[in-house]
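If you're matching them up, the sequences are chains G and X in order. Residue 221 is where the first sequence starts when you use my numbering, and the numbers rise one by one after that. Residue 221 is where the second sequence starts when you use my numbering, and the numbers rise one by one after that.
These aren't lab readings, by the way, just hints derived from the structure by calculation. It is possible that part of the hints are untrue.
Copies of one chain are not kept apart here, so a pair can be met inside one copy or by any two copies together.
Straight-line Cα separation of at most 27 Å, BS3-like style, residue types lysine-lysine; simulated pairs [said to hold, decoys possible]: (1) K535 to K752; (2) K535 to K741; (3) K245 to K754; (4) K624 to K839; (5) K741 to K620.
Here's the letter readout for the chains.
Protein chains: 2
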Amino acid sequence: MVLLRTSLLFRFIPILTWLPRYPVKEWLLGDIISGFSVGIMHLPQGLAYSLLAGLPPVVGLYSAFYPVLVYFFFGTSRHISVGPFAVISVMIGSITDSLEPSGKFMEADNDTNVPILNEAKRDAARVQLAAALTFLVGIFQIALGLLQFGFLATYLSEPLVRGYTTAAAIQVLISQLKYVIGVELEEYAGPLALIYTFLELCSKLPKTNVGTLVTSLIAIISILIVKKISDKLGKRIPVPIPTELLTIIIATGISYGAKLNGRFNISVVGEIPSGLVPPKAPVVSYFGQVIGNAFAIAVVSYVICVSLGKIFAFKHGYKVDSNQELIALGLSNFVGGFFQCYSIGCSMSRSLVQESTGGHSQVSAAVSCLLLLVTILKISELFRELPKAILAAIILVNLKGMFKQFKDIHTLWKSNFVDLLIWLVTFVATILLNLDMGLGVAVVFSLLTVIFRTQMPHYSILGQVSKTGIYKDAAEYQKAEEIPGVKIFRSSATIYFANAALYEEALKTKCGIDVEHLIEKKKKALKKKHNKDKKEEKKAKVFLWLKVTLFICFSQEPRGDTTANGPSGSVDDQKYQNLKQPQSSDQPGLMALGLEKPPFHSIILDFSPVNFVDTVSIKTLKNIFKDFQEIEVNVFLVGCNDSVISQLERGNFFSQNITKHHLFASLHHAVSYITRNQEELPPTDRVSNLCSMP
Amino acid sequence: MVLLRTSLLFRFIPILTWLPRYPVKEWLLGDIISGFSVGIMHLPQGLAYSLLAGLPPVVGLYSAFYPVLVYFFFGTSRHISVGPFAVISVMIGSITDSLEPSGKFMEADNDTNVPILNEAKRDAARVQLAAALTFLVGIFQIALGLLQFGFLATYLSEPLVRGYTTAAAIQVLISQLKYVIGVELEEYAGPLALIYTFLELCSKLPKTNVGTLVTSLIAIISILIVKKISDKLGKRIPVPIPTELLTIIIATGISYGAKLNGRFNISVVGEIPSGLVPPKAPVVSYFGQVIGNAFAIAVVSYVICVSLGKIFAFKHGYKVDSNQELIALGLSNFVGGFFQCYSIGCSMSRSLVQESTGGHSQVSAAVSCLLLLVTILKISELFRELPKAILAAIILVNLKGMFKQFKDIHTLWKSNFVDLLIWLVTFVATILLNLDMGLGVAVVFSLLTVIFRTQMPHYSILGQVSKTGIYKDAAEYQKAEEIPGVKIFRSSATIYFANAALYEEALKTKCGIDVEHLIEKKKKALKKKHNKDKKEEKKAKVFLWLKVTLFICFSQEPRGDTTANGPSGSVDDQKYQNLKQPQSSDQPGLMALGLEKPPFHSIILDFSPVNFVDTVSIKTLKNIFKDFQEIEVNVFLVGCNDSVISQLERGNFFSQNITKHHLFASLHHAVSYITRNQEELPPTDRVSNLCSMP
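Same shape as in the complex, but just chain G:
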């Protein structure tokens, strides 16, 4: 009991497992260096991403501190850098824009009576909204983790996630362009918001603030150049050049010195409060409005973290526990919800730096937290004069990696068309709708591709490869020859409601005979025979009547009613019963009716690709058996797996006419059985086969 509790404790708080075994001598130095590098990135990214989320800059710094600290204790990935993340930030941005739009906080100016924006009030409301959302995201993630729903990530397949993040990058790009060219835009929400924003942006291009544009362009170009140099130097410098940090320091300096805000009307970050804030309970009244978005954010942030974590884990040979990751992220967000943080994700660029600068464990995250703490307490207020355009530039440069994902289109085009379709649909849906609805559409679509993939299968008639036990498509392989009198039919996919009718049709076409026509002909022949029989009967009746009359006339004996009507009545009754069951085995065969037999005596349906059967496919199968038995062809099922057999049983597939003797374990056994028995026994007398094993 105690042992169980301890092991549960160790599972839920992984730091208890790995910290005591921490190899200080080998890992500590690398972790400190990587922690410093990541911490230095956190500062500009935190400021920039909070801009993206429509929140005051300090919130980004909080979000790079509290949740990261919590993840340090509960996370199982050693290399991912959790914290503010572009995709999640833009998702939050669309929510803050739509629920607390600037228009809500316009107040009449005391002097001029012109409505102006009360930014302080708006920001306060948005911070509360974001915190409530973060709290909810945390609750969702913890709940999913405890319920072992880590497998949810499998529904977001790789093409989907890549298409989604690419679309998110476009969303980020469009949302930042207004800062780059320095214009004010309306805030749009809901479907097509991106398109509206883009159109307005285009219409406002002439109003570009040249100063802002120049600032942004210089910043973008210099960051790109320095990054290039840093990459070139590569391993020759111990830590990468903190490009972004340098940019914001220099930019702040210039802005302060040249009074950019005052002289060129370039918008700057503004007041950043120093110090930490006391915890505050999230505002419950927001919950109802954001519950859907919270779920979407919970899933997206989890999926991106866990997939990145798994890549690193695979590279370095350790394991990431997906359910524990959910709990760790959930707790990070949960705690963040009390400290004005917004939902975190895990940034690809920071994680790569964390790994490449020699980080071995989450100790580096702890180091970065320390750095952040110092920044929040002492330094952050210095960035008051930082132009927003610089932050936009940093965000845009960081999108580079995500834009590279457009190459996927080419790769997927060559490798897998359906996955390409998933990528494209996800991308377009996320661009046109917004990030949450787009995700929903993408998930449903990617699940439906399973239908497309099995809807139009390849149907083939198989032949035996010269004397071996191998059966291949007779139309494609020259060496595969059809067995005389036996048609072996295979569909490349499971048979279920969406393709059952097609299966039946393909089978009848591939067999090369018109089954319906044959059955109709048989029915007509039967009717004809029946009419003929009836006429003869009538004749016989008249004859009998004549005989009886004559007998009565001549013998003068009393008339026996029963004898006269008896035989005739019973003959009629019997005929009637025969007609009532035209399918019964008592009916005359095709030969007896003067009809030709089909050119084969058996059909084998290869069921090895069948994953499951439903009521529709069972009905179709029954029809196939009935139709072919009608024209004296035996049907056999081969290679059903055990679950399919039990589904057939439950679905009342087996009957007097379809028994388990129609099942065989393998094609070869069925073929040799059929060829051996065909001439010896009538079809109904077959007893032994290889499927009725205990």
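Chain G is fixed; fit chain X onto it per the hints.
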């Protein structure tokens, strides 16, 4: 060319094919009798269903005339009776209620100034709306038919359609109860409308109009009794008793004689105009509002018609062309849209009567049209005094068959759980949302069941059944024995993004060894060896340096730079290269590293149940190959069908380490090849297998 045109003509106008060959002597009498029976049913049903659709009664009569006449020319089913249908009528009813609610037509009375309903105006608007809708439905159906979209019906599997029609029956029941108890209700629309209506109905129970209730109850009971008698008499009477016609005739008589409307305030049908109306173009402005509903109605009416048509066709041995059916129904609705008709479906009860009274072809439909024409021109106005409660009673009695579908729950519970789920979800969604949204949810859900069905497959390790070529689950079949050194692994389902991770996990678990742990151990051992090698190298270097120094000191010859550094440098280079490719085949084996080998040398993955592969499953497969090859286990794929092989090729699955020599056509061949070759050849030298056939 002319031949092609003629054959197309014959295909699009089936009457050209069958009418010239019509066996007058054998079929005509039956068709006339059945046409009369159906026509007699059309009259009360037309009046009743138009009540359901929220339209004036005469519209129901028009809808039983024009579209049926069109179908006579274009339809391919000989036995279905198209025309007003309960499910479609209630769908239209919800649209008329929400788009043209009574509230819109309240006008202040001239004298009292109390707002009263202008029924004439409302009805006119509703008729226009219904006609526009019908026109659109027709356009959709024709377009779908021309585009050969008849297969759409397969998405609406039988459990779905039955669940849906049962829910529709409940909708009809609730919508009619107000006429039965004689109260006025609000008109609700959108999700949960049914629940609101039901709640209001309950709250208004005390206000029941006793006269109306008694009328309805008497009507329901007498119709039920007469139907029972008619059934009992069965074949002994040539045509079934026209219960409903008798009911409305008698009820109208009583209502007229007893002045029910005036005395007991029982609401009656009211004015019915005589004669036909001239055609009128549909009102285009409605199109935008009803386009979604039109599509839903188009699909539902088609699916119900074609499935009923197929049942009769199967019974009587002819074929129904699903695309032509779409076109025929589409043309019927299209034409109907010009003549104030509302969308038609095909009523089960009428179709059964049409077939059972000896109908052989659509000639019976033409006969019923004649009857309808006479009714519309001369008789219909007589039914002015018919109480609406009687029509409600007729509708309710006709629901009996649909309510019987509740038995499906029991049947499906026993036969197929997932299909039961489809039934229930369809039912609940259609009850809670409305008929169009419910249908959407149901279709998506039924498609997603394919995911559930393949998400959690059954994984098994197979064993050979004593000396045969049959392989069965070794854990379940005693006779199946595992091949020593070979693990044969099978999943019962296709491997794709939703279960690929599970597949890998299950494989590694079922193999009984901790693959990751082994790989980690190997990596550690390699590192250790590398460090040891390095130390020895250093030693050797020192030794060499000593030797060289000593040599120089003692021999006094000039120092040869190249000779001294050459060998040492080249050794280093080689080592480095070896380390850069730790997975290469040059690395030392497990044995050489002092590690134990796994207890098996080969894994065979049975891929016969695999329908397709996507990028996720290919990645997973690659991982499996890599991991197992790392611990010196060969992996083979068996039974891939041709499309899977080509998908693997396109997805860049094959590489230096994974060649087509890892593919085998059948389990037995793979096993015999492996057991034959295991001791003879190293794994990389294997050349021939049975898959590389031309």
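* Honestly, which of those hints from before does the structure not fit? -> Number 5 - this is the single hint that the structure violates.
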